[in-house]
Structure formats: structure tokens, C-alpha cells
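Participant: Chain residues, written in single-letter form:
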Amino acid sequence: MGDLVLSRVMKKFNDNVAVEIDDLEIRKGEFIVLLGPSGCGKTTTLRLIAGLESPTRGEIILDGKVVNALSPKERNVAMVFQDYALYPHMRVYDNIALNLRVDRVPKDEIDRRVHEVARLLNIEHLLSRRPRAMSGGQQQRVALGRAIVRNPRLFLMDEPLSNLDAKLRLTMRSEIKKLHTRLGTTTIYVTHDQEEAMVLADRIVILADGRVLQIGSPEDVYENPRNVFVARFIGSPEMNLADCRVESADGDAWLLGEGLRLKLPADVMTRVAGRGDLPARVVLGVRPRNVKVGRELEDADGAGEVTFFERLGEVNYVHVETGKTGAGMDGPGGASDGGVRDTAGDGAGAGVGADRPGTTVLVARWDEDREARAGEQVEFRLDRAHIHLFDPASGMSLLTCGPRSR
Amino acid sequence: MVGRVGIPRQSASRRTRRMRAILVKTLVYLVLLVGSSALLTPFLWMVSTSLKGYDQVVASKFTWIPKPVVWSNYTRALEFIPFWRYLGNTVLVTSMCLIGALSASAVVAYGFAKLRAPGRTALFGVLLASMMLPGQVTMIPVFVLFQRLGWYNNLKALIIPAFLGGGAFNIFLLRQFYMTIPNELCDAAKIDGCSNLGILVRIVAPLSKPALTAVGVFIFVANWTDFFSPLIYLSDQEKYTLALGLRLFQSLHSTEYSLLMAASIVFSLPILVVFFLAQRYFIEGVTLTGMKG
Chain E
29 MGDLVLSRVM KKFNDNVAVE IDDLEIRKGE FIVLLGPSGC GKTTTLRLIA
79 GLESPTRGEI ILDGKVVNAL SPKERNVAMV FQDYALYPHM RVYDNIALNL
129 RVDRVPKDEI DRRVHEVARL LNIEHLLSRR PRAMSGGQQQ RVALGRAIVR
179 NPRLFLMDEP LSNLDAKLRL TMRSEIKKLH TRLGTTTIYV THDQEEAMVL
229 ADRIVILADG RVLQIGSPED VYENPRNVFV ARFIGSPEMN LADCRVESAD
279 GDAWLLGEGL RLKLPADVMT RVAGRGDLPA RVVLGVRPRN VKVGRELEDA
329 DGAGEVTFFE RLGEVNYVHV ETGKTGAGMD GPGGASDGGV RDTAGDGAGA
379 GVGADRPGTT VLVARWDEDR EARAGEQVEF RLDRAHIHLF DPASGMSLLT
429 CGPRSR
Chain Y
14 MVGRVGIPRQ SASRRTRRMR AILVKTLVYL VLLVGSSALL TPFLWMVSTS
64 LKGYDQVVAS KFTWIPKPVV WSNYTRALEF IPFWRYLGNT VLVTSMCLIG
114 ALSASAVVAY GFAKLRAPGR TALFGVLLAS MMLPGQVTMI PVFVLFQRLG
164 WYNNLKALII PAFLGGGAFN IFLLRQFYMT IPNELCDAAK IDGCSNLGIL
214 VRIVAPLSKP ALTAVGVFIF VANWTDFFSP LIYLSDQEKY TLALGLRLFQ
264 SLHSTEYSLL MAASIVFSLP ILVVFFLAQR YFIEGVTLTG MKG
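For the record, the sequence lines run as chains E and Y. In case it helps, this note's numbering puts the first sequence at residues 29 to 434. In case it helps, this note's numbering puts the second sequence at residues 14 to 306.
It should be emphasised that the hints constitute simulated quantities derived from the structure, not laboratory data. Treat the hints with care, since some could be wrong.
[What the hints assert, rightly or not] Not close to chain E: a few residues of chain Y, all C-beta gaps over 12 Å, as computed: (1) Ser26; (2) Leu43; (3) Leu57; (4) Gln69; (5) Thr151; (6) Asn196; (7) Ala202; (8) Cys207; (9) Leu220.
[Stated by the list, open to error] Partial list, derived from the structure: chain Y residues whose beta carbon lies under 7 Å from chain E: (10) Pro79; (11) Val83; (12) Ile204; (13) Asp205; (14) Ile216; (15) Pro219.
Even glycine gets a Cβ: it sits at the ideal position worked out from N, Cα and C.
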């Protein structure tokens with residue numbers, strides 16, 4: 029049993045269900061990130077765990093005990109808020125000391141602990157300042173200090189880095205990670221930034237519309253997204269998705285999309301869930317790093333025209349519009365006819381990146397030293413080991429487990 | 014040095030603009046001067062009269078400067094009524110009302126501003142509506158009630174009501190101010206282990222000092238100068254407050270205006286002092302919401 033369990037928890041505001049979590053177990057010492065777009069219920073979930081909201085139904089179990097009716101203090105949780113929520117009329121020292129004072133900790137012990145935490149966070153010289161006289165980064169540290177000083181059993185962090193500038197965010201990110209390694213306190217961290225989630229989390233909980241879509245290690249959710257939403261949300265740039273028809277010829281399954289034609293290798297077929305049948309249409313997903321692009325490739329899966337070259341410095345990307353070149357892409361070796369005919373992509377919420385009918389934009393990593401020119405004709409090949417197949421209707425993954433499954 | 018080239022050529026338009034600014038300022042000051050002197054005149058008249066002898070008060074020609082200056086009006090005035098006793102009563106009533114009404118309205122306003130409860134909005138509407146109700150309407154039932162409780166001719170009748178809510182307007186004012194304090198601060202305090210009372214005392218009240226000061230001054234002035242309630246509830250002369258004492262004074266010496274004015278000035282002094290002391294706070298104003306740096 030986990031350290032913290034949410035069991036069939038539901039929270040309604042008026043008549044709107046904000047959060048509905050059937051089962052979430054968090055182990056002691058874990059760093060859990062609740063990840064999702066804004067309005068997905070991640071902050072509400074955090075506030076439920078904190079005890080700032082009470083669930084409409086369900087149980088929140090902390091260390092084997094139902095804590096629904098307990099106050100935040102009785103749960104012994106600490107929280108870092110998005111806007112830090114430092115008390116503006118108090119000095120930093122008093123901000124950090126307040127919760128110890130409320131607990132009637134002896135004065136000299138308060139003093140010792142406040143200084144200890146201040147030293148840990150490098151804010152000892154700020155103790156007599158007021159919050160307004162400090163930079164965002166310093167306020168952030170004070171907020172962390174206020175949380176750490178009482179040795180809580182849970183750290184809750186609500187987008188703590190979102191008000192910092194990009195560079196400071198990276199610094200604080202690694203500091204939070206180091207702090208967690210050092211203190212080992214179970215931490216639940218809310219963010220909408222998938223990169224932050226990937227860097228920090230032991231496990232990521234991906235939420236959308238108040239429901240858990242997937243729980244897994246960063247590697248797991250990256251490699252084996254359970255549905256289209258997760259696939260698109262994790263990873264930057266986004267995973268490419270293309271509507272495809274499935275046709276079989278000579279016992280092989282072929283995927284046919286706009287300007288793209290590839291034979292599914294046998295090992296992918298063995299991973300297809302159920303009886304190994306693919307529906308007539310699927311959504312093919314592949315990450316930009318798993319698409320090889322070049323002027324002429326052996327065994328190309330398709331070809332297209334470069335529309336945009338994206339220079340990021342470290343890595344560069346090209347946007348390729350597929351289906352713009354004509355040549356011979358319309359059948360699996362001219363065999364079995366009568367497959368489903370194309371009726372202009374309808375990915376059923378899969379949000380396939382079709383700019384205009386008959387084309388699909390494919391983003392790929394550009395490994396050549398030279399810059400790609402817009403208008404250039406290229407060929408591409410997808411890394412078979414890293415393709416994903418989703419059901420266009422439900423958006424769910426059709427593969428049982430991913431390529432690098434554990 | 015650098016600017017020297019520009020000075021002689023300072024454009025005409027800029028000069029007229031500055032002239033206009035001076036003109037506007039002069040006008041504003043003029044209006045303020047007229048307004049304030051209109052308001053101050055009665056007060057000056059009171060000061061002047063309080064220092065006049067009887068013959069000067071009734072003289073047909075009015076003079077601003079008393080001649081001679083009769084300081085003894087003040088000592089005589091304070092001896093004519095049991096001034097110190099009345100002052101004692103007034104201080105007791107006013108300070109108890111200040112404590113009662115200020116703490117009650119601070120607590121009730123916190124409820125309206127920060128606690129979620131069904132019917133809260135409707136209840137607040139009722140509170141606002143009660144502000145529209147003139148005191149005279151409820152006067153008789155309240156009087157009967159207090160009399161049955163045995164509070165007639167007792168200072169309790171003036172003090173205890175202050176602890177029961179603290180006044181709709183005060184609640185309204187504080188509630189509006191509390192609303193500007195971010196809820197996140199209250200959440201943070203809750204996480205830090207504060208109860209609602211703890212949040213009010215440690216976080217909300219210190220951040221609402223200007224509003225609390227203003228409400229405190231209102232309560233002080235209202236009770237210090239309250240004439241009506243002491244008049245209907247108190248019958249023994251030794252229980253009188255100063256406001257009532259002044260009237261007593263007036264009926265005994267209806268023609269001795271100089272003594273009445275002297276007593277009135279002494280009566281008004283604490284109000285002036287309180288106002289000047291508190292001024293700093295509510296002029297400091299509403300600048301306290303700083304969450305981010």
C-alpha cells in the first residue's frame with residue numbers, strides 16, 4: 029500500500045465534475061508530477077490532498093488512515109504556491125517561523141531550525157527582509173523554506189516555477205530535484221510544462237478533464253503513450269500523427285497515408301492488442317527524432333517538400349509536407365484492392381496535422397550540417413522500432429506495450 | 014551647459030501651458046480656501062464665544078476677537094456640571110464600544126469575505142438592506158427589549174449592543190477591504206496550521222490596518238458624540254455621558270453661551286486628537302496586496 033492513496037475520489041464544483049480519480053497510489057519518497065493542460069483538475073487534486081478542499085466523495089488515505097476530515101496541519105502537509113503567497117507584512121524569518129509558532133515550538137528551537145533551513149536554501153542574509161523587497165527567485169526560496177522547516181510528510185507544489193524567468197526556472201528546477209534527493213520527502217508537484225515533468229518526476233500522472241490518462245515513469249509515458257492525448261502532450265516538438273489506411277498484401281500489413289507508405293514489420297504486428305487485427309484506419313504516430321530525412325534514402329517510406337526549417341541551435345528540425353510529390357504512393361505493390369478508400373482524414377480528435385486536404389506535415393530532426401531550404405524535395409523513413417498506432421475513434425493506443433518495454 | 018541652447022527658445026506653447034497649469038492650481042486652492050473657511054467659521058465662532066464675557070456675547074455688534082479674554086469660562090464650565098464623572102462615563106462607554114464593535118465587525122466581515130457557506134450572499138444582502146433602515150424605526154422595540162432585560166438606566170444598554178455585530182456599515186467596509194487580500198495567503202496560513210481566527214489575527218487584520226483604523230475612528234466618533242441612545246436609556250444624572258451632559262448644561266444656562274461653548278470645545282478635543290493620530294494610517298491607504306515582488 030502506498031504512502032498516499034486517492035481512492036475513488038471525486039470533486040464537484042456546483043454541478044461540474046472537476047476531478048475524478050479512481051485510484052492513485054503514491055509511494056513514500058516518490059516525486060510525483062501531476063501534468064496536464066490548464067483546467068484539467070491538477071491543482072484541485074493537489075488542494076484535495078492538502079486538505080484545502082474536501083472531496084465530494086471518495087477517500088484520501090495517508091499512511092493507511094483516511095484523512096478526509098483532517099485539516100492541512102493535522103495531515104502535516106506543506107505547500108508551495110504558484111504566487112509564493114508569502115505574508116507581505118512579515119519578515120522572511122517570521123514567514124518561515126509562523127508554522128512552528130502556531131505549533132508552539134520553543135523559541136530557541138524555532139531559531140535553530142529557521143537558520144538551518146535558511147542556510148540550506150542560501151537565504152540567510154535575507155532573513156530580516158520583507159517579501160516585497162526581494163526578487164522572484166528569492167521569494168521562491170523563502171516559500172520553499174517555509175515548507176521545509178516543519179519536516180512535513182508531504183510536499184505539495186503548485187506550479188512553483190511558473191513565475192520565474194526561463195533561466196532561473198532551470199536553476200530552481202535542478203535545486204528542487206536536489207532538495208528532494210537530499211530530504212527524501214514525498215513530493216507532489218503540479219505543472220503544465222511537460223519538460224519540467226520529465227526532468228523532475230519519478231512518475232508522471234497525466235490528467236485531462238479531471239481524469240487520469242496515464243501514470244508512469246517519464247520514460248514510460250514518453251515511449252509508450254497510452255493514447256493520442258498523452259502522445260501529443262509529452263515530448264517537444266510534438267509527436268507526428270498521420271491518418272492511415274491499413275491494407276494487407278501477401279500476408280503483410282501496409283499503412284497508407286498521404287505521401288507515405290510503409291510495411292508494418294512482424295514485431296509490431298505481434299504487439300497489436302487483442303487478436304492482432306488492426307482496424308481499417310489507424311492513426312500513425314512517430315516522434316520527430318525517429319524520422320530520418322534526406323535527399324535520397326534507401327527504403328524511403330515517402331517523400332515530401334520542405335516547408336520550414338526550424339533552427340534551435342542544439343537540434344534543428346524540418347517541416348515536411350508529405351503528399352506533395354506525385355509518384356507511386358497509392359497502393360501496396362498493386363495487390364489486394366478494395367481496402368477502405370480515403371475519405372479525407374478524420375482522426376476523431378486525433379488532431380492529425382493536416383494543413384490542407386491531401387497533405388500532412390511531418391516534423392523531423394535535421395541531422396545534416398547544411399540548412400534545409402524551403403521547397404526542397406526530400407525523402408523520409410520512419411524508425412520502425414518507434415512507431416505508435418492509435419485507434420482513430422477512441423484515440424487509444426493499439427499496441428500493447430511500447431518498443432522499449434520493460 | 015547642454016541645455017543652454019534650448020532656454021531662450023523655449024516655445025511659446027510650453028510657456029502658455031505652464032501658465033495655464035498655475036492658473037488651474039490657483040483656482041483649485043481658491044475653491045478649497047472658500048470651502049474650508051465656510052466649514053471652519055462655526056468652529057472659530059465657538060472658540061471666540063467661549064472666551065467672551067457675558068456682555069460681549071449679547072453685544073449687538075459681533076466681534077471675532079474677545080476683549081478681554083475670559084479664560085475663567087473654562088474652569089467655570091467644568092465646575093457647573095459633574096464634568097469629570099461624565100467624562101469617565103463617556104470614556105468607559107466609548108472604549109468598550111470601540112473594542113466591541115471593532116472586534117465584532119472584524120470577525121463578521123471575515124466570515125463574509127473569506128468563508129464559503131451556503132446562503133452567504135443572501136445574508137450579506139440582508140445586512141446591506143439593514144443599512145437602509147433608519148434607527149428610529151427599531152427604536153421602540155429595541156427599547157422595550159432592553160428594558161425587559163433590565164438594562165434601562167444602565168450603561169449596559171449602550172455597551173452590549175456594540176459587541177453584537179458591530180454595525181452593518183463597518184462590516185461592509187471591512188469586508189470590501191478583506192476581499193482584496195488574496196485567498197492564497199489564507200490558504201498558506203491554513204497550511205501553516207492557523208485556524209480561521211488565527212488567519213484573521215495573524216494575516217488578515219495586520220494587512221487591513223488602514224481599514225481597521227478608519228472603522229475604529231468611525232466607531233469612536235459615533236459613540237463619543239452619541240446623544241440619542243444615552244438620552245433614551247439613561248435617567249439618573251450621574252450616569253450621563255458628556256453629550257448628554259452638554260444638553261443638561263444648556264438647559265440650565267441657556268443664555269450663558271460662553272460656558273456652553275467652552276464645554277463643547279473640551280468635549281470636541283479628543284475627537285480632533287484621535288483624528289490627527291489616525292490620519293496617517295488611512296492616508297497611507299490601500300496599497301497592501303503585494304503578492305509578487
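Participant: Is Ser26/Y truly not at the interface, in the sense that its beta carbon sits beyond 12 Å from all beta carbons of chain E?
Facilitator: Consistent with the label, Ser26/Y stays out of reach of chain E, its closest Cβ about 42 Å off (over 12 Å).
Participant: In terms of Cβ atoms, is chain E entirely out of 12 Å range of Thr151/Y?
Facilitator: The assertion about Thr151/Y holds, with a minimum of 37 Å to chain E.
Participant: Beyond 12 Å from every Cβ of chain E: is that where the Cβ of Ala202/Y lies?
Facilitator: About 7 Å separates Ala202/Y from the closest Cβ of chain E, which leaves it inside 12 Å; violated.
Participant: Does Asp205/Y meet its interface restraint, that is, does its C-beta lie within less than 7 Å of any C-beta in chain E?
Facilitator: Interface hint status for Asp205/Y: holds (4 Å vs cutoff 7 Å).
Participant: Just double-check Gln69/Y for me: nearest Cβ-Cβ distance to chain E has to come out over 12 Å.
Facilitator: holds, 55 Å
Participant: Taking C-beta pairs only, is Asn196/Y more than 12 Å away from all of chain E?
Facilitator: Violated, since 9 Å does not exceed 12 Å.
Participant: Regarding the hint that Pro79/Y lies at the interface with chain E, is the smallest CB-CB distance below 7 Å?
Facilitator: violated, 50 Å
Participant: Test the statement that Leu57/Y is away from the interface with chain E: the closest C-beta pair must be farther apart than 12 Å.
Facilitator: holds, 42 Å
Participant: Would Cys207/Y pass as off the interface with chain E, using Cβ distances and a cut of 12 Å?
Facilitator: violated, 6 Å
Participant: Would you assess whether Leu220/Y, listed as outside the interface, keeps its beta-carbon beyond 12 Å of every beta-carbon in chain E?
Facilitator: violated, 6 Å
Participant: For the hint on Ile204/Y, does the least C-beta distance to chain E fall short of 7 Å?
Facilitator: Hint holds; Ile204/Y Cβ to chain E Cβ min 5 Å, cut 7 Å.
Participant: Is the interface hint satisfied for Pro219/Y? The criterion is a beta-carbon contact with chain E at less than 7 Å.
Facilitator: holds, 5 Å
When held up to the earlier numbered hints, the structure conflicts with 6, 7, 8, 9, 10 and 11 and fits the remainder.
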